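Protein sequences appear in the order of chains R and F.
Counting in this note's numbering, the first sequence runs from 1 upward without gaps.
Counting in this note's numbering, the second sequence runs from 170 upward without gaps.
Just so you know, not all the hints are guaranteed correct.
Stated by the list, open to error - Derived contacts from chain R toward chain F, CB cut-off under 8 Å, selection only:
#1 Thr79
#2 Phe81
#3 Arg110
These are computed hints drawn from the structure, not numbers from a lab.
Here the structure is a predicted model, which means the values were calculated and not measured.
We put the CB at the ideal spot given by N, CA and C, even for glycine.
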Amino acid sequence: MEKTLPVAHEPEAFALTPERERELADILTRYPNKQAACIPALHLCQAQNGWVSEGVIVFVAERLGLSTAHVKGVVTFYTLFNQHPVGKHQVWVCRTLSCALKGSDAVLNRCEKKLGIHVGETTKDGKVTLRTAECLASCGTAPMMQVDKDYYENLTLQQVDEILDRLTR
Amino acid sequence: MLVRTNYLTKRYTEKDGWKIGPYERDGGYKQARRALGMKRDDLLTEMKAANIRGRGGAGFPMGVKWGFMPWPPKAEKPHYLVINADEGEPGTFKDRTLMELNPHACVEGCIIGCFGIGAHAAYIYVRDELHLSKERLWAAIAEAKAKGYLGNKPFGLDYPVEVYVHTGAGAYICGEETSLLNSLEGKRGEPRLKPPFPAQAGAFGMPSTVNNLETIAAVPTALEMGGDAFSKLSTLHNIKDGGTRLFGVSGHVKTPGIWECAVGLTLRELIYDLGGGVEHGELLGVIPGGSSCPILRPEEIVHAPDEKHVLHPWHGKSVLDVPMGVDTYRALGTMLGTCCAIVLSDKADPVLAFQNLMQFYRHESCGQCTPCREGSAWLNRILTRVVDGKAEMEELDRLHEIANNIMGNTICAFGEGTAMPAMGFIKKFRKELEAYVLSGGKAGTGTLAPDYFPPRGTDAGAAKKGAGAPPAKRAAKPAA
Ligand SMILES: Cc1cc2nc3c(=O)[nH]c(=O)nc-3n(C[C@H](O)[C@H](O)[C@H](O)COP(=O)(O)O)c2cc1C
Ligand code: SF4
Ligand code: FES
């Protein structure tokens with residue numbers, strides 16, 4: 001009997017929006033070679049796709065003339081590249097010493113309780129992923145957390161509640 | 170000696186003070202224009218005389234570093250200036266203020282720096298999380314470009330300069346200069362073996378200089394004043410540690426923050442005069458310049474009877490009264506690092522603080538060298554057991570052994586940056602560590618943040634409403 005060999009999983013096709021394509025073209029002018037655009041290009045793709053999928057890896061590799069192994073190696077090295085789908089919003093609570101001295105454990109406890117998840121998890125409705133961060137250069141205004149691109153500093157637990165309420169509404 | 174200055178911080182509180190208008194009103198870009206018309210040797214002489222010690226942690230003299238670049242530059246080997254704004258050292262938040270509030274000083278410094286090292290392009294490597302910093306730098310670059318200060322003919326002069334912002338993607342190790350170079354080149358941010366040093370083969374394999382962002386931002390001021398005059402602002406001018414720099418303090422002080430002061434400020438002044446004093450209690454210890462610098466305790470007294478010793482002028486005094494300088498602090502057995510101190514009050518549990526930092530190093534080791542990768546994991550594992558009350562006394566000796574085994578056995582200074590603070594904590598808080606082991610994890614205050622979690626034994630240890638489980642409980646299950 002003829003056996004069908006398992007087909008290698010085809011990555012979904014990924015392409016940047018025209019606006020982001022222009023941005024990538026601009027990024028490429030900054031460096032003496034294309035490889036240097038690897039991290040900025042991955043950021044661009046992740047901003048559009050939410051995470052770095054196989055399709056994104058293939059896209060970046062092809063556009064920059066790199067092997068997919070190289071791009072994968074880069075993706076797995078850096079904390080900020082999501083290797084899996086994540087929530088709509090990213091909440092990062094800094095846990096390092098200066099923040100810990102000002103109550104980051106309380107902030108983290110509060111986030112976990114309020115969101116009903118543990119650090120590293122995403123809420124069931126897919127809205128929020130909660131993670132801890134290492135020192136985010138905000139030590140003098142601790143405790144702090146980063147929500148997507150914004151820093152929230154000198155946090156009180158009440159503010160934590162308000163911020164999370166806004167995200168989950 | 171406390172001397173506050175405002176060369177870099179003058180416009181910090183001004184609305185839109187980061188823009189080019191206010192910067193030029195205060196004399197901005199005059200030095201870049203001047204530099205591009207100078208002889209390179211004259212510029213180098215000024216920079217060497219300024220005694221600007223690298224602000225990124227290692228404290229290497231900036232002018233000397235510029236002088237390492239091969240000269241004259243060869244056409245087929247373009248030089249690069251790479252600015253380190255990765256700002257990842259725990260406790261450090263100074264470069265961010267410059268990028269957000271005085272980005273033009275960074276750009277002007279880059280123009281002068283490019284000329285000084287024979288480069289035509291500068292890359293400012295900013296950690297990705299600092300979105301406002303990146304935005305402000307790009308905006309400053311655009312403003313400078315619009316004025317004709319960058320590009321093919323800056324100020325109409327024949328010395329092309331471009332400045333770019335490059336971003337990382339969340340990895341503390343990318344602050345290490347060779348790791349940063351790999352990251353800039355689009356690779357995994359793993360440190361490279363040295364030699365070759367960046368001046369021989371740096372960015373894209375070309376001769377490069379890596380300067381910290383604050384280091385380069387100090388350049389326009391130093392050039393304006395003249396190197397020697399700038400250096401003399403410091404009380405440590407005589408030991409070649411010159412000028413002014415940003416001092417920061419965080420943790421258990423009443424008013425954490427960043428201040429620009431003449432070099433020579435003491436920790437006592439930083440904590441009590443600028444930081445408003447210790448909150449929650451008395452001073453237990455202070456990590457002077459980012460978490461990789463071994464902790465100091467206020468009881469420590471300088472012992473330097475030899476007149477030739479760099480610390481002799483402070484012989485018999487408290488370590489808190491020694492001017493904060495690169496060489497003075499090295500002589501104290503710690504480091505000045507990034508000059509941003511972390512203060513622990515006596516209500517904070519040093520064992521928990523130690524564990525907190527080792528969790529950081531465990532997370533951030535790039536994993537290339539076995540002693541660093543395994544060592545940082547073991548340090549964290551044992552400390553978690555100590556905090557949990559599960560450790561045996563022998564394990565405390567193991568801590569020291571593991572740390573000691575990292576020293577000198579790694580590709581980059583991350584290893585020492587982990588081992589040295591670890592050995593500092595082990596030596597200076599041995600009693601507290603032992604008490605933890607003997608009591609099954611019930612010694613110490615059990616808290617880092619008294620605002621939320623009162624020290625064990627007080628208030629029946631009741632946490633502030635809504636604060637949840639205390640740090641020790643959380644530390645025991647290392648976060649994802
Ligand atoms: C693990 C590690 C992390 C570092 N992180 C930073 C950093 O975030 N910012 C920085 O300027 N220097 C950092 N450095 C120091 C750099 O390697 C380098 O010495 C510095 O950028 C040189 O600039 P400077 O001479 O102006 O200080 C780090 C070093 C190590 C070993
Ligand atoms: S010392 Fe640590 S961080 Fe540095 S290269 Fe080795 S494993 Fe990586
Ligand atoms: S320790 Fe949290 S921002 Fe630095």
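Against the structure, the hints:
no.	hint	verdict
1	Thr79	holds (4 Å)
2	Phe81	holds (6 Å)
3	Arg110	holds (6 Å)
Hint violations for this structure: none, all hints satisfied.
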